[in-house]
Structures are given as C-alpha cells and as structure tokens.
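Make a model of the complete structure from these sequences and hints.
Protein sequences appear in the order of chains R and D.
In this text, residue positions in the first sequence follow our numbering: the first is 1, and each later residue adds one.
In this text, residue positions in the second sequence follow our numbering: the first is 1, and each later residue adds one.
It should be emphasised that the hints constitute simulated quantities derived from the structure, not laboratory data.
These numbers come from a predicted model, not from an experiment.
Glycine is no exception: its CB is placed at the ideal position from the N, C-alpha and C atoms.
Among the hints, a few may not be true.
To be verified - Incomplete in silico selection of chain R near chain D, CB under 10 Å:
| no. | residue |
| --- | --- |
| 1 | Gly31 |
| 2 | Ser33 |
| 3 | Arg45 |
| 4 | Asp123 |
| 5 | Ala127 |
| 6 | Pro129 |
| 7 | Ser131 |
To be verified - Straight-line C-alpha distance at most 27 Å; calculated BS3-like pairs for lysine-lysine:
| no. | chain 1 | residue 1 | chain 2 | residue 2 |
| --- | --- | --- | --- | --- |
| 8 | D | Lys93 | D | Lys128 |
| 9 | R | Lys119 | D | Lys93 |
| 10 | R | Lys198 | R | Lys119 |
| 11 | R | Lys119 | D | Lys128 |
To be verified - The following residues of chain D were derived to be distant from chain R, with all beta-carbon distances above 10 Å:
| no. | residue |
| --- | --- |
| 12 | Arg8 |
| 13 | Ser137 |
| 14 | Met140 |
| 15 | Ser242 |
| 16 | Ala252 |
| 17 | Asp253 |
| 18 | Ile261 |
| 19 | Pro263 |
| 20 | Ala276 |
| 21 | Leu282 |
| 22 | Arg283 |
| 23 | Leu290 |
| 24 | Val293 |
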Amino acid sequence: MSTVRLFAGRLRAGRLRAGLAGGQLGIAFSGISAIGAKELRGRMRSRRAFAFLTFYLTVLSGFVWMLESLVSQSARGGAFEAAQTGTTVFTGLLLLETLLVVFLAPAFTTGAISQEREKQTLDLLVATPISSFSIVVGKLFSALAWVFILVIASIPLTSIVFVFGGVAPEDLVRGYVVLIIDAIGLGTIGLFFSALLKRTLAATVASYFIVLVLTLGATFVWAFLYATSAQVDRSNLDGSFSVTRHPPPEAIMWFNPFVADADVLCPTGTGSNGFCSLVSEVTGNTQQINQNFGGPRQVIGGVGKPIPVQDGAPGPNVIVDVEPAIGLLAPDAPIAPPRDLYWPRSAAAWIVLSIILVLASANLVSPTRRWRPNLSRLRRTRRDAG
Amino acid sequence: MTVVVAARGLVKRYDRTVAVAGLELEVDEGEIFGLVGPNGAGKTTILRMLATLLVPTAGDAEIAGESIRRNPNAARRVLGFMPDVFGVYDDMKVWEYLDFFARCYGLSAPRRRQMIGDLLDLVDLSDKRDSFVQGLSRGMQQRLCLAHALVHDPQVLLLDEPASGLDPRARVELRELLRELRSLGKTILISSHILPELEELCTSVAIVDRGQVLAQGRVSDIEGRLRSGAVLRIRVMGDGESIDAARTQFAADPEVASAAILPDGTIELGFRGDDAASARLLRDAVAAGLPIVTFARAASDLEELFLQVTAREEPAAPPPADGRTAA
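Structure, rendered in structure tokens:
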C-alpha cells in the first residue's frame, strides 16, 4: 500500500516537474490541482458525503420505480408500451436531474470565493504565485465535483431505460452532455457572484435570482413575445384570414436547461411526446401558421421553409400537418425535426457564458487585476458634476 | 549590506483618504525591521502593498529586486506573508495545510514532504501533524501560519502583528522563533503597536504615523537623535534623611536640571550632560562618601520615543526627510 502511494507520489512529482517546465500552462495546472485536492479532501472526508450519495440514489430509485409502475399499469404489454415506459422513465429522470442541477450547482459554488473572504483565508491564497484563474477554476471544478458525482452516479440507474427500449444510448449521452454543461454554466453563475459580492448569503441570493431570470423569466418573456408575435392578414376575399408569426429569437431560451432537455427528449420513444412541438416553436421551424376563420387549424410550415398551400385541396381548409412526428407513428414523415440543432446551440451559449464568467471571476479575485469596477470614482464624478 | 526591501514613494489612497503617503523605506538583508505606529497609521496597508495584495496608487517597491508592480508573481516567490487576521480552513489537518500551500508554490512531492517535516520541527508542531487545524490553540495557529509563510523558503518575511492575541509565553516562543529565522538568513519585516515586543527583537525600526515614516533607523540611533537629556535613577542606602541629603548634593551639580525623590526612595535626576558627565557625577558622589546602591540611566525606550516622535508632529506638516524633528 505504502509502496503504491510512494509510486503515485513520484508519478505526481514527475508530472508536476514536467508541468513546471511546461511554463504558464503547467503552473496553472499545478495551481488548479492544488486547490482541487484541498477542496475535495475537505469535502469527501466526512461520512456525510457518502450518506448523502446513498440517500440520493435511493430517492432516485424510488422515483424510477414509481414512474415505471404508473406507466406499466396502463400498458397492455408489448414492445410499444415497453418503449413508452422507457421514454417516460428517461424523461422523468432527465428532468429531475436537471432540476437538481439547477438547484445544486449554484449552491455549491456561491461560497467558493466569498467563504474564503469570510474566513479570512483568501489573502493567504492570493499571496501565493498561483494565478487567480487557477484559483477560480480549481474552486469551480472541486465544487462541481459533487454535482458531477451525483450526475455520474445516476448513469447506471438511468441505464435501466435500455431494458424497456425506446431510448437509444446516444440519447442518454446527449442527455448527460447537456446536464454536465448546464452544471458548469450554472456553477459559474454562483462562482461569479461569490467573487463579486463579499458575503455568501448575498452571493446565494443573487445567483438564484439570476438562475430564475434565465429559466422562468426567460420563459415568460419568450411566451409573451410569442403570444404577441402573430400578424393577422384579413385581406383574403373568402372571409378567412391568415396569421403569420415571427417567432421570438430562440436565444432567449438558450439558458433554459429544460428546453435543451426537450430537444434531447424529442426524438426518443414514440415521438408523440410533445417535446418536439415545444422545440420547434422555440426554434421557429414552424414559420407560418394559417388559420381559417372558424375552420380547423391549419399549420403550414416546415424545416426552415414554408410549404405552399396546395392547389385543388378541398376548400380553404388545407391541412398540412407538420407536427414533428417520427418513429413508430410516422416513420416516413416528410418533415422530420432535424436532430442536434437546438441543444448544441444552447450548450455553446452556456460554454461562452461560463468562459466569460470565469474570466470575470478571476479578475475579481486578483489583487492586481487590471480592470475593476470603480464605483467610488463613479460616485465622485457624479458628485462633482452635481 | 544589500537592501532587500526598498519602497520608493509608495502611496495608497482609498477614495479620498490617504492611507500611505509617499513611503520611503530601506531594509537591509538579515535585519528584523519593525514598523511601529498607532492603530490606523498605515502599517497593515504598507505590508499588504509589499505582499502584492494591494496595488499602490503611486510609487513602487522591490522585494529582493523584484518589483511588486511590474512583476508581482516573482515578488510572491521571494516573500512570505502572514496577515494580522487570518483564518484557517476547516476539515484540514496540519500537514495537509502546509502541503496545500507548498503545492501552491509548485514544490515537488518529495520536497514538500521534507519541507513539511522541517517546518513542523521549526515551529514545534511536529506532534500536531495529524491534528485538525481548527482545533489548534491561537498560538499554535499563529505558528502554523508562520510556517505556511515559509514553505517556499522565502528571503523576506512580512509579518503583520504576529504577536497579537498571544499570551506572554507564546509571545516569548514567537520571539525565539523569529530570532532563529534571522539566524537562518531571513530578512523580517514586522509590524506592531506593542512596542516592548519590537524593542527586544528588532535591529531597526521605523516609526510610522498617518502613512508616513517619522523616524527610521537603529533604536539607539533614533534615541540618540531625539535625546534632549537623560533621566538618571540613583538609589542610596539609608533612611529618608540621608536620601534627602544625597538629593541636595546631586542637585548642586551644574548638569543636573532637576532632582526628585520617588515614592520608593529612588532619586530621579533630570540630567543634561553626556556619558562623560554622568561618569564624573558618579565618581564625585562616591568620592563624597555617598553609599550608592545603583546608578543607572533610565533607558528611553521605544514607547517613549514613539510618544515623543508622534506627539511632536503637527497634523498637516510633513516630517523632515531624515526624521529629525524640532522640539
């Protein structure tokens, strides 16, 4: 045992030396690993960590069991129903874990820097040669390590969906990629406020406020813009009118993790799960909606281009259904929703936001930072002007 | 002697308050240099600027030749800093604490292991190696913090009020430790408002008030510059009457400005003369047959110096460059 440890130590030392020789990057890495090792040592020492993990997995298992019983109660037993069960369990787990990430990721990072300030340990840390970038990145990943452990520990449980079918392994991979990126993004929000504000309490309040704005707030704004985006054209002679929508920019919803989930969930299972229509509304793939006055709803649209109303269709009530329907119900649907369009954009937005927030946090932590918000000067200028 | 800490025109302004106003400071290698001043004099600000934790509004300083403004990272590698108030991480053992900081300085694992052993020996915490940091006494935490500042074997140590909150015993231990560090070749810059603590320890001091150095140099030099007279304390054998007679005799000397008898029977003389004059005074007294038990020049200590220097300052007037102040 001790030989192994000694060997591991030598290995690390070798790597460290190599890292130091590697210049800035090596120094940054050794700083990140120093912070990471310290944080994880403290966090994982107690039995609490493992007790919590056990509790979490038990709750999750119970949730899966409940979902499975609910769906299989109404099922008659067959491949179709089994697939439906698989999809339901996957949907439930993914949404639950997203909810967990939304709540936990900021919670773990809001104390990262402000707690060091409160405990008066930040000075000791900043006075060492490790860069403030290494400090914030080390802090971010050691704080998120817990969230990652919770997410990763659930993978075997989630894999139960393969027993039922309806969900492909790549769907699972997509789901977890979205989860991990969301966790990093949400974690950096907490980290940023932890670096910006002096008190952990203030940082926590600010982080959750922003998370609420990005999820619920953005959804309300989007829904409002969507509802008011319809343009009614009454120039039709036959009394019908057409409604043209210019859907609000999808960027509003990029930071809503649940919409990205919907995009991941859309192609799973039987295809009639409603997630696809949500995503297509958000991405604006349904470009034009014609509505006949008093008649049935007409939906004309498609992937990026409107489909012209066919001539010779029975009356004015032309129905071209482009409700994205795939899989068992409509295997040859002419307009299948394109895969991997929305969630990669959402993930990219999160990554860009994360990078910006990490750099801003590093700047706030550094005592010799080049740029700082100079509130006092601002106040002074205003006072002098007044 | 090489200068290892040199501050040139350091200024720190917070909004409209000037915390440090054009500090000039030079500390030679191997010195224990004391920064003395009342609370709010700017000592902590000076040390934090030197430790690269605050960016000066103007001016620059060099630690072992590394500019704190142009190359703060290089400066951090040659200095060890111990703040006046500091916390310790929960959930961390003593050796892990030092290991963490050693990692921050990029020390290799075998070096870390050896350094931790050596440092724990140095600060006498070897038996606490596996204790949790938050469980240590204040004095032990202080020593551990000092050890943390030494993990990278820095040339210069910046210690902000290292003895505050320590009991007398821990204070003595700390003093011994600092002397030992000096013998290891470290240059130590230490701030305190507890003057006796510095007096026993420091080779040089700077008296700081309102962000400026009022007087700087060896304690004896400052004393010599400021001395406008000395106090002699003499005890003679005998009862009140003979003491009073002795007082009258001393008072007759032309160099004696005043002569008083303290409640404990000691005669206190205000003396204008130099060392030769006081030697003559003693010789004359012995020749006159006075039964003298003790004859001593009351040391004008740092505390007294400090009061003298700070009291003479007019609030707005900048001090003369050499620290000499007019009476």
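key: 10 Å Cβ clearance of Val293 (chain D) from chain R   = holds (52 Å)
ask   = Taking the closest pair, is the beta carbon of Ala276 (chain D) still more than 10 Å from chain R?
value = holds (51 Å)
request  = Find the nearest Cβ of chain R to the Cβ of Pro263 (chain D) and say whether that gap is larger than 10 Å.
outcome  = For Pro263 (chain D), whose nearest Cβ neighbour in chain R is about 47 Å away, the distance exceeds 10 Å, so it holds.
inquiry  = Given the hinted pair Lys119 (chain R) and Lys128 (chain D), is their Cα-Cα distance within 27 Å?
reply    = Since the Cα atoms of Lys119 (chain R) and Lys128 (chain D) sit roughly 22 Å apart, the hinted pair holds (cutoff 27 Å).
ask   = Does the CB of Arg45 (chain R) sit less than 10 Å away from some CB of chain D?
value = holds (6 Å)
key: Hint check: 10 Å Cβ-Cβ cutoff, Gly31 (chain R) to chain D   = holds (6 Å)
request  = Tell me if Ala127 (chain R) is really an interface residue toward chain D, meaning its C-beta lies closer than 10 Å to one of theirs.
outcome  = holds (5 Å)
task = Take a quick look at Arg283 (chain D) and tell me if its Cβ sits farther than 10 Å from every Cβ on chain R, holds or violated.
result = holds (58 Å)
Leu290 (chain D) non-interfacial with respect to chain R [C-beta, more than 10 Å] = holds (60 Å)
inquiry  = Would the hint linking Lys93 (chain D) and Lys128 (chain D) be met if the CA-CA limit is 27 Å?
reply    = The hint holds at about 9 Å.
key: Restraint check, 10 Å cut-off on beta carbons, for Ser131 (chain R) near chain D   = Hint on Ser131 (chain R): holds, closest Cβ of chain D at ~8 Å, below 10 Å.
query = Since Asp253 (chain D) was said not to touch the interface, does its Cβ keep a gap of more than 10 Å from each Cβ of chain R?
reply = holds (57 Å)
Figure legend: structure checked against the earlier numbered hints; every hint is met.
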